[in-house]
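Chemist: Sequence:
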Amino acid sequence: MLASELFQTIEQEVPLELALEDDPVGFIGPGHPEKIEVENVSVLLDFIPGKEIPETDLLVCHHPPLFPPPLPTYIIHSNWDIVQGGANDALAESLQLDVEGMLEAETGIGRICSIDSTLGDFLEMVSNSLDVDHIRVVKGKQCELKKIAIISGFGLNPHYIKLSSENRIDLLLSGDLTHPGSVLAQKLGINVVDATHQATEFPGLMKLVRLLNELGVNAHIEQTIKPWETYSCRWNTLVK
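My numbering puts the last residue of the sequence shown at 240; the count rises by one with no breaks.
Source of the hints: derived by calculation from the structure; they are not laboratory data. Treat the hints with care, since some could be wrong.
Claimed, not checked - Beta-carbon label-pair distances, calculated as ranges:
{"#": "1", "residue 1": "Gln84", "residue 2": "Pro24", "range": "38 to 44 Å"}
{"#": "2", "residue 1": "Gly101", "residue 2": "Glu52", "range": "15 to 21 Å"}
{"#": "3", "residue 1": "Ile221", "residue 2": "Asn128", "range": "17 to 23 Å"}
{"#": "4", "residue 1": "Gly50", "residue 2": "His134", "range": "21 to 27 Å"}
{"#": "5", "residue 1": "Glu39", "residue 2": "Arg168", "range": "47 to 53 Å"}
{"#": "6", "residue 1": "Lys139", "residue 2": "Leu20", "range": "26 to 32 Å"}
{"#": "7", "residue 1": "Gly216", "residue 2": "Pro54", "range": "15 to 21 Å"}
{"#": "8", "residue 1": "Glu124", "residue 2": "Gly31", "range": "43 to 49 Å"}
{"#": "9", "residue 1": "Lys139", "residue 2": "Gly31", "range": "48 to 54 Å"}
{"#": "10", "residue 1": "Lys139", "residue 2": "Arg210", "range": "33 to 39 Å"}
{"#": "11", "residue 1": "Ser4", "residue 2": "Asn128", "range": "39 to 45 Å"}
{"#": "12", "residue 1": "His159", "residue 2": "Ser127", "range": "24 to 30 Å"}
Note that the Cβ used here is the ideal one computed from N, Cα and C, for glycine as well.
Could you put together the complete structure from these sequences and hints?
Modeler: Below, the structure written as structure tokens:
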């Protein structure tokens, strides 16, 4: 099908207007959608220059590229996080959580979920459910987990930590934890789990592939390698 037809169908399911302000979603080129035939689609978390990409007609990137891609590229970012059935709901499904509502009602970012668990059991569930190689935890109040919040990707900043505390959330799970965020979480007494940006985004990428296949193209995930390596430090020796 023509890229213009595909984009119109995508935007019926994932409207561009859902995206956060100044988030560059949609087609960014090169080429003209009315002239691009699309059969094969590669779905990426990030476009990283120098990484080989198999022959494809269209890149669908979740993160807006920092560098101009050489192939026709369509971005589905915060509108995919926000839309019902999108990235955040996919994360909830992967963790077998029941969604009760949105964390940030004004934008639709995040989901509030019900649960009946201990912190230890929840961490085990996270490690078994997500493709994660490490988990960082800030222990807040010691309690049974009854209400948790999840945000795919980027949600462990002070704004969402405060918002979770205001909503009396027992635990917030996302990625991109910072030192100031950790201190704030301890002060507010909220448990925080950093299951990494990439691992909390992956269920959403899988669901996006399924959506694109249902729309009539041959979509697959082009596994994005993390742009760093993790080392364990022991006695001044780096062990990979």
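Chemist: If a hint holds in the structure, say so; if it doesn't, say that too.
Modeler: Status of the hints after comparison with the structure:
1. Gln84 with Pro24: 38 to 44 Å: violated (22 Å)
2. Gly101 with Glu52: 15 to 21 Å: violated (42 Å)
3. Ile221 with Asn128: 17 to 23 Å: Once the Cβ atoms are compared, 20 Å apart, the range 17 to 23 Å for Asn128 and Ile221 holds.
4. Gly50 with His134: 21 to 27 Å: The hint (21 to 27 Å, Cβ to Cβ) holds, given that Gly50 and His134 are roughly 25 Å apart.
5. Glu39 with Arg168: 47 to 53 Å: holds (49 Å)
6. Lys139 with Leu20: 26 to 32 Å: Taking Cβ atoms as reference, Lys139 and Leu20 lie about 31 Å apart, which means the hint holds.
7. Gly216 with Pro54: 15 to 21 Å: holds (20 Å)
8. Glu124 with Gly31: 43 to 49 Å: holds (47 Å)
9. Lys139 with Gly31: 48 to 54 Å: holds (51 Å)
10. Lys139 with Arg210: 33 to 39 Å: Hint holds: Cβ distance 36 Å, inside 33 to 39 Å.
11. Ser4 with Asn128: 39 to 45 Å: Check passed, 42 Å falls within 39 to 45 Å.
12. His159 with Ser127: 24 to 30 Å: Once the Cβ atoms are compared, 27 Å apart, the range 24 to 30 Å for Ser127 and His159 holds.
Going through the hint list in order, the structure does not satisfy hints 1 and 2.
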